[in-house]
Each structure stands twice: as C-alpha cells, then as structure tokens.
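*Asks:* With the sequences and hints as input, model every part of the structure.
Chains as they are written, first to last, in our numbering: chain D, -17 to 349; chain X, 31 to 348.
Just so you know, the hints here were simulated from the structure itself, not pulled from any lab data.
Pairs of lysine-lysine, DSSO-like flavour, derived with a Cα cap of 27 Å: (1) K8(D) to K246(X); (2) K115(D) to K105(D); (3) K288(X) to K140(X); (4) K160(D) to K115(D); (5) K246(X) to K122(D); (6) K246(X) to K60(D); (7) K122(D) to K105(D).
The following label-pair restraints were derived from C-beta to C-beta distances: (8) K60(D) to I340(X): 39 to 45 Å; (9) A125(D) to A58(X): 48 to 54 Å; (10) R345(X) to H56(D): 41 to 47 Å; (11) I340(X) to N(-2)(D): 48 to 54 Å; (12) A285(X) to M59(D): 45 to 51 Å; (13) M59(D) to F180(X): 23 to 29 Å; (14) Q111(X) to P117(D): 47 to 53 Å; (15) V115(X) to A125(D): 34 to 40 Å.
Rough simulated footprint, nothing fancy, chain D against chain X, three-plus residues with beta-carbon under 8 Å: (16) 249 to 257; (17) 263 to 274.
From a predicted model like this one, the values you see are computed outputs, not experimental measurements. Positions of the beta carbon are idealized from the N, C-alpha and C atoms, including for glycine.
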Amino acid sequence: MTGNDGAPIISVRGLNKFYGEFQALKNISLDVFPGGRVVVCGPSGSGKSTLIRCINRLEAHQGGEITAAGRRVHAQMKNIHLLRADIGMVFQNFNLFPHLTVTQNLTAGPVWALGTPEAEAQKTARLYLERVKIPEQAEKYPAQLSGGQQQRVALARALAISPALLLLDEPLSAIDAKVRQRLRREIKQLQRDFGVTTVMVTHDQEEALTMADRIAVINCGRIEQIGAPREIYDRPASAFVADFLGTMNFFDGVCAVPGTVRVGDCDFRCSDESGVCDGGEVTIAFRPEHIEWNSGGGGGNRLCCVAEGAEFLGAVTRIVLRADGVGKTFIAELPSALAAELMPAEGERVTVTAPAAELRVFPRLAQ
Amino acid sequence: MHADTVVSDPLIQKPRIAAAVLTAAFAAFFFLNFADTSFGRMLAETTGGGDSFARAGAALALALLFVGNLVLISFFPVRIQIIAVWLELAALFAAFFLVFDLNAMFIQSKLWFLISRGLTTTLYVSAAAISIAFVIAVAGAIAKLSGNGFAVAIASFYTSFFRGLPLLMQVYLIYLGLPQLGFVVGAVPAGIAALSLCYGAYMTEIFRAGIESIPKGQWEASRAVGLRFGAIMRRIILPQAAPVVIPPTGNQFIAMLKDSSLVSVIGVWELMFLSRTLGTKTFQHMEMLITVAVIYWILTMALEVVQARIEGHYRARR
Chain D
-17 MTGNDGAPII SVRGLNKFYG EFQALKNISL DVFPGGRVVV CGPSGSGKST LIRCINRLEA
43 HQGGEITAAG RRVHAQMKNI HLLRADIGMV FQNFNLFPHL TVTQNLTAGP VWALGTPEAE
103 AQKTARLYLE RVKIPEQAEK YPAQLSGGQQ QRVALARALA ISPALLLLDE PLSAIDAKVR
163 QRLRREIKQL QRDFGVTTVM VTHDQEEALT MADRIAVINC GRIEQIGAPR EIYDRPASAF
223 VADFLGTMNF FDGVCAVPGT VRVGDCDFRC SDESGVCDGG EVTIAFRPEH IEWNSGGGGG
283 NRLCCVAEGA EFLGAVTRIV LRADGVGKTF IAELPSALAA ELMPAEGERV TVTAPAAELR
343 VFPRLAQ
Chain X
31 MHADTVVSDP LIQKPRIAAA VLTAAFAAFF FLNFADTSFG RMLAETTGGG DSFARAGAAL
91 ALALLFVGNL VLISFFPVRI QIIAVWLELA ALFAAFFLVF DLNAMFIQSK LWFLISRGLT
151 TTLYVSAAAI SIAFVIAVAG AIAKLSGNGF AVAIASFYTS FFRGLPLLMQ VYLIYLGLPQ
211 LGFVVGAVPA GIAALSLCYG AYMTEIFRAG IESIPKGQWE ASRAVGLRFG AIMRRIILPQ
271 AAPVVIPPTG NQFIAMLKDS SLVSVIGVWE LMFLSRTLGT KTFQHMEMLI TVAVIYWILT
331 MALEVVQARI EGHYRARR
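*Replies:* Printed below as a string of structure tokens:
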C-alpha cells in the first residue's frame, strides 16, 4: 500500500552535502512512507547514491535534517549500529564478505551485531536463501557464484537483519540484461511479500518506471520532480526530466503568440496542458510514440517530412524524419507490425501529425 | 608473472647465444685466474706449457664445463632442471666448506648441545618475540589508522624510533639502559623485548598496508548490517588482511630468526653465542660457525615450507 497517511519512515528536509567545495546535494527534501517503493533516478554524478548513503549515514551530510526509522540521523548520534541494523542495504558491486560462506554472509549481521543465537540465525538465513532461490549455494564462497547469484546473496543479507527499510544502491547495474529483468521482478515480489519500504537508486529509466510507486528524478544534486511513474512520464516538470525518462524530441522555438510556438518556419499549436507558453524562448517536446501517421486530424500540427532512415528495435521501429522548415531531425516510433505497412522508403516524403495535446513546452534551457 | 602460451627453445640452445655465454665465461674465468689451482698446475705440468698457457687452458676447460652443463640441463623438464641446479650449487657450497678441512669429530661432539641448548633458545626467543610483535603490530596499525591524535603520534613515533635505530643498539639500550631506570631485566627477557619491539615496528607497517588493502566497500557493508568497530576488525577486515599480511610477516619471522643472533651480545645462550664460545677453547671457530650456519639455513628452509603451506591455504579460498 502506498497511502500517504501516517508518519513517513524516512523524512529528509533541506539536505545539503558537500565534498570539499563541490556541493553534491542541494536542499533535498523527500518523504518515504511505510510500504513505499521510491526510486531515486538520475544520471551518473547526479548525487542519487550519495542521497541514500546519507540515510544510514555511510556519508555525512552538512545541512538539513534526516529522520529514518524513528531516529534522527546526525554526527553525534549514539548507537548508529542499531539504526543501521534496522536498514538493509544492497550495493551496486555486492560488497559480499569474500572470506565467509553465503550462510555466514547472512548470519554476520544477526550474530555479530545483534547477538542472535547462531542456530536461529542460520535457520533465518536458510529461509531467506530459499526466498531468493539459491538455497543450494549456502555453503559456497561468494567468488564461486555468478553475478546474479551474488546479488541475490546481497539481497538476502540485507533482508536477513529484518530491516524496517531497504536501501538498494543500483542493485542491478552490474548484472547482465536477461538476469536483470528476472531479478527486477523478484525484487518486486519480495517487496510485496515482506512489505518492506524500499528506496532504490538507479540510472536506468526502465528500472525506475517498472519498480517505483514514486520516482524522484535528481539532477546535479537537486530533485527535479517527484511523482508517480505515469505522472512523470506524461507530465515531466522540466526538459531534463522529459529527456531522462523515455525518449523525447526537442525543438527550440519562440513563443510569439500565446498558445503557439514558432520553430523555424513552422508554427506549433499547444494545448492548455502543454505548459506555460506566453512569450519568450521555449523548448517544445513530444514523445516519438505520439506521432500520428497520415491522419489529417484537426487537433494536430501537420509536419511534412522526409524520411531519413529507420532502426528496427524488435517490437517497435524507430524512424528518423526531417521536417520541412524546422531544419532538425526527430524520431517517430511505431509498432513494427504497423511500420511494415507504413514504412516510408528512405528519402520518401510523408506527412505526420504531432498532436497539440501531447506537446510539452518548457522554458529554454540555458546552453 | 603469467607465462605466455607460446613456447620457444631455451636460449642456451641457440648456437650464437651459447657461443656468447662461452666467451663471457672464458673471459671471466681467465680474469679470475685458475692457473695457481691444483687443476691449473696439473695442466701446466702435463702439457708442459707455461703459466699463461695453464691460465688460458684452465679457463677454457671450466668455461666448456659450465656451458656444457647449461646446455645439458636445458633439455630436461623444469622440475628436473630446478633440482639439478640446486644439487650442483649445494655441492659447490659443500666443496667450499670442505676447503676448511673441518674436524667432523669435534662437530659431532658439540652438535647435540648446539641443538638442545642453542637451537631451542633461538627458537623460543624468536617465537616469543614474533608473537608479541604480532600483537604490537595489530595495535600499532589500528592506532596509525585511527585518526586519534594521541594514538597516531605514539604509533608513528614508535615505528620511527624502532625502525630508525640499529637492532644491536636497541638490544644494548634495553639490557643496559633499563637498569638505569631501576628495572633490572634478565638477558632473555631483554632480548625478547628488543626483538619484539623492533619487529613490531616493521610489522606495524605491514599490517597497516594490509588493513588499507581491504576495499572501503567491506567496511560499508559491515556497517550496513550493524557491525561495530571491534567486530568489523575481528570478523571482516583482519581475516581478509591475513592473506595479504602473511607473506611479508613470514619474511619478517625468517629475518628475526637470524637477527635473534644479535642477542648473543648480552649473553643469551642461543645458537650464535654457543657457536662463538664452544670453539674458542680449541680455536675451532670455523667448525662451529659453519655448523650453526647450516642449522640456521635448514631452519629457514623449513619455515619457507610452512609459509608456502599457509599461503596455499589462503589462496585455495579465493
């Protein structure tokens, strides 16, 4: 359940973090509610990992407040290990203990930190190894496992301390594509089964869209937008968010008449939902899948184009078009089955429509 | 080093290389001048040539023997090559020792005492010192990495002092200096103290490097499951540092075994002390020195085997 009722389990207020002169996090505020699945995503170097590492204080922050699992996180806090024992963490490069067996990796926290009896911890460990589907690897050492199996161990290790909260720092980035998809589904299943609140960091947009009930898009240490995946995809708050999640076509234009943006020799009509469009330099954006083919519909912006090439991507085909009067190519995507019929030859002229309702308008980014 | 998969003939089997080595060997042997050895004199007599003829002849014969030996050995598999060269070198050394015309009876009469008294003393002084040095090194390494001003200062002053002074001087300082402060220490405890303090200083650096070699992710992962400093050190960091630390620590132990001879100066009855005293009465210094040298050597070889076993044990787990 993702209801925003009750107190947040993580509350970050006005967080600042510096590495020397460099400010890695700028005034970050974020609430995570019990049972929530929040994904923090952004490009590399955006500060997304730093943010979740501040939550269990693997990193020190310099300003703002963090509360996690009922404790205020700060430099002088007593018994930080109790807070950390309440927060499971999975690292991008696994960080398994190479000198310990898989079972010992799982019992390390409970036995050596919390004083759980060895036998009990081993029983719990077996349970979690079954849950991550590698019970047969219990007595092996990490180096004997594949990347996917190692990450399963890391996941089980994080869950074996029965955390109130799970932090996943790019857990799937070091794993090959096929295994990644399967693990992604399994992590979702585990989240559902244990009802554990999760904060995950990723730079992979697909991962963000599939695994989150809320996404926080972070760029240059600043949160650009927080919202449900659908909301962020459909109504990106900035050109950066629009570009980062999904594919987007961008044209720079000038808004001379309210509701219309002039790009080169073409006028693009926008809808009320497109965004602020009342003068000045703007960037308009539309998704490749929203391009309509040969429909003379009234609500759209007709574009006469020359087809410049196509990329077959399996289920969809991506077609590169150059619009007359705009002077820039853009991308249209359509299901490959449909593309087989409509596909223009290279150099052929086609007319497509960019619906006004799907057009987004952003203030022009400073170059 | 990682061997390539391409195999080439041994260099020495190539005629030009063999010829070059032969020339170099001839030049070296000619320069060393074996004309005055029994072999050279025999050559001079049988051929009737002069001194310079004997010198060149002896050099040529030895050079041919040397290169012939190399070529011959190069045809065998690597294991046999190693054994053959070891045996040849050992034979040369044995021949060198035989030159002294040692009295075997005398060695035999003293050998048991050398082993029962000298060797055991050397061993237990070294073992005690390395154990204490080990504890000092762990504490010193943690202190150096701690970020606590006092700890860092004390540890770095300690390593600087004990690495900066000759061990012999430390032995004297402890044995002769401590009584000045009112602490009278026996020769054996003083020797053990000097050795463990000195080697503790070297091993502090080894352990520091070993601890630092463990990636930061291991610390983070241990903290993330709730471990505290003591548990992280004992359960996660030190066990992983062990394989890194053991080879150089083994070297230190072997070095210490021989440096323990320095405590002979304060009258500890270990190998070196006995080797000097036992031969004095009858002026048979060489017998005792060479016997003790061989004992040290055998001891070191045994330790090398032990060290290789331990390293192998850790390598198997990777």
